[in-house]
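Full structure from sequences and hints, please.
Listed in order, the protein sequences are those of chains A and B. Residues 71 to 302 in my numbering are what the first sequence spells out, letter by letter. Residues 71 to 129 in my numbering are what the second sequence spells out, letter by letter.
No wet-lab data here; the hints were simulated from the structure. It is possible that part of the hints are untrue.
To be verified - Covered stretches of chain B (in silico footprint by chain A; criterion: 3 or more residues with CB under 8 Å from a CB of chain A, positions within the stretch not fixed):
1. 92-102
2. 107-114
As the list claims (entries may be wrong) - Pulled a few chain A residues facing chain B out of the computed Cβ check, cut under 8 Å:
3. L73
4. F74
5. E77
6. H79
7. P96
8. H287
9. I291
What the hints assert, rightly or not - With beta-carbon atoms standing in for the labels, derived distance ranges:
10. K167(A) - R85(B): 29 to 37 Å
11. N106(B) - M164(A): 22 to 30 Å
12. F75(B) - L146(A): 36 to 44 Å
13. L146(A) - G90(B): 44 to 52 Å
14. D204(A) - V82(B): 25 to 33 Å
15. F75(B) - E178(A): 41 to 49 Å
16. K289(A) - T81(B): 31 to 39 Å
17. P76(B) - K289(A): 20 to 28 Å
18. G90(B) - D174(A): 34 to 42 Å
19. N106(B) - S182(A): 51 to 59 Å
20. C89(B) - M164(A): 17 to 25 Å
21. G90(B) - H286(A): 30 to 38 Å
22. T84(B) - I145(A): 38 to 46 Å
The structure displayed is predicted, hence computed values, not measured ones. Each residue gets a CB set at the ideal place from its N, CA and C atoms; glycine is no exception.
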Amino acid sequence: MNLFRSEEHARRWSLYYRADDDYIMPVSDWATVFTASLFKNRLDEDYLSHADAYVRDYRQALKAMGKTVPPPDRILSTVLFTDIVDSTGLLSAMGDKAWSQLLDRHNEIVRSEIERWRGQEVSTAGDSFFATFDGSARAVQAAHSMIEALGPLGIEIRTGLHTGEIEIVDGKAAGTAVHIGARISTLAGPGEVLVSRTVKETITGSGITFEDRGTHHLKGIPGEWQLYATVP
Amino acid sequence: MRWLFPDREITVETRCLDCGEPIRVRTRNDEIIEVNPESAVGYQPSPFARSRTGSAAFN
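So, in structure tokens, the structure goes:
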């Protein structure tokens with residue numbers, strides 16, 4: 071949260087990118103909102119496992135401040151996360167300029183494959199991508215296409231996918247399914263497309279085959295998760 | 071921050087992002103002791119989901 075000397079200052083500063091549902095409130099009101107368990111519990115190791123409850127608390131606290139909060143849209147989607155393997159090592163070996171050029175090419179290819187397989191880019195951070203697809207098989211195929219297309223550049227990526235209901239708020243995807251996909255991607259090996267059992271079950275019969283990668287605990291997510299590597 | 075320092079008074083001294091003039095907030099546990107100037111506001115690019123997506127996806 072950013073602080074301003076008055077609402078006029080905040081509105082002037084945020085004039086060009088403020089979303090309709092951004093909030094400007096007196097500091098004393100924010101203090102009430104921040105007592106919600108959402109914020110306290112973000113210090114907890116397993117806070118993601120209670121993400122839905124936190125969002126509910128947050129929305130209730132905002133509502134108490136007289137702020138209306140539109141209900142989120144929930145849709146079934148397959149989330150795809152990608153990440154370059156050993157990007158720090160590549161950067162050190164190549165130098166800033168060459169790395170920047172390589173990263174630009176990487177971004178072009180990833181975006182091209184997302185578009186080709188009718189996905190939607192949600193966000194990027196460093197050398198990571200987050201995209202959603204309305205078809206699990208196309209999401210898996212997009213991941214394999216990215217790996218294949220990036221190979222000649224000497225870039226290996228790890229990819230993780232999960233299918234579940236996501237929230238669309240302000241055009242952005244969020245929700246527990248997003249966290250699960252992100253966690254799965256961190257467990258993928260170089261050049262691997264690692265998926266949850268949910269993904270596997272939704273694309274049975276598609277011609278994509280699976281190799282069992284065992285059960286795993288995903289940080290902040292309750293339960294054990296059966297994961298599979300896909301073979302196109 | 072209040073939960074990181076229970077039962078201790080915390081003072082936040084910062085500057086307005088718009089004009090650069092100082093802002094001071096003193097708090098203890100869940101109570102705001104002082105806001106100077108009193109007109110000070112917080113701006114939160116909401117919804118929470120936006121930041122939640124970022125923190126979970128890339129941490």
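Each hint, compared with the structure:
no.	hint	in the structure
1	92-102	holds (count 6)
2	107-114	holds (count 7)
3	L73	holds, 5 Å
4	F74	holds, 5 Å
5	E77	holds, 5 Å
6	H79	holds, 4 Å
7	P96	holds, 6 Å
8	H287	violated, 16 Å
9	I291	violated, 10 Å
10	K167(A) - R85(B): 29 to 37 Å	holds, 35 Å
11	N106(B) - M164(A): 22 to 30 Å	violated, 50 Å
12	F75(B) - L146(A): 36 to 44 Å	holds, 43 Å
13	L146(A) - G90(B): 44 to 52 Å	holds, 47 Å
14	D204(A) - V82(B): 25 to 33 Å	violated, 44 Å
15	F75(B) - E178(A): 41 to 49 Å	holds, 47 Å
16	K289(A) - T81(B): 31 to 39 Å	holds, 34 Å
17	P76(B) - K289(A): 20 to 28 Å	holds, 26 Å
18	G90(B) - D174(A): 34 to 42 Å	holds, 35 Å
19	N106(B) - S182(A): 51 to 59 Å	holds, 53 Å
20	C89(B) - M164(A): 17 to 25 Å	violated, 43 Å
21	G90(B) - H286(A): 30 to 38 Å	violated, 49 Å
22	T84(B) - I145(A): 38 to 46 Å	holds, 39 Å
The structure fails to meet hints 8, 9, 11, 14, 20, 21 from the earlier list, while all remaining hints are met.
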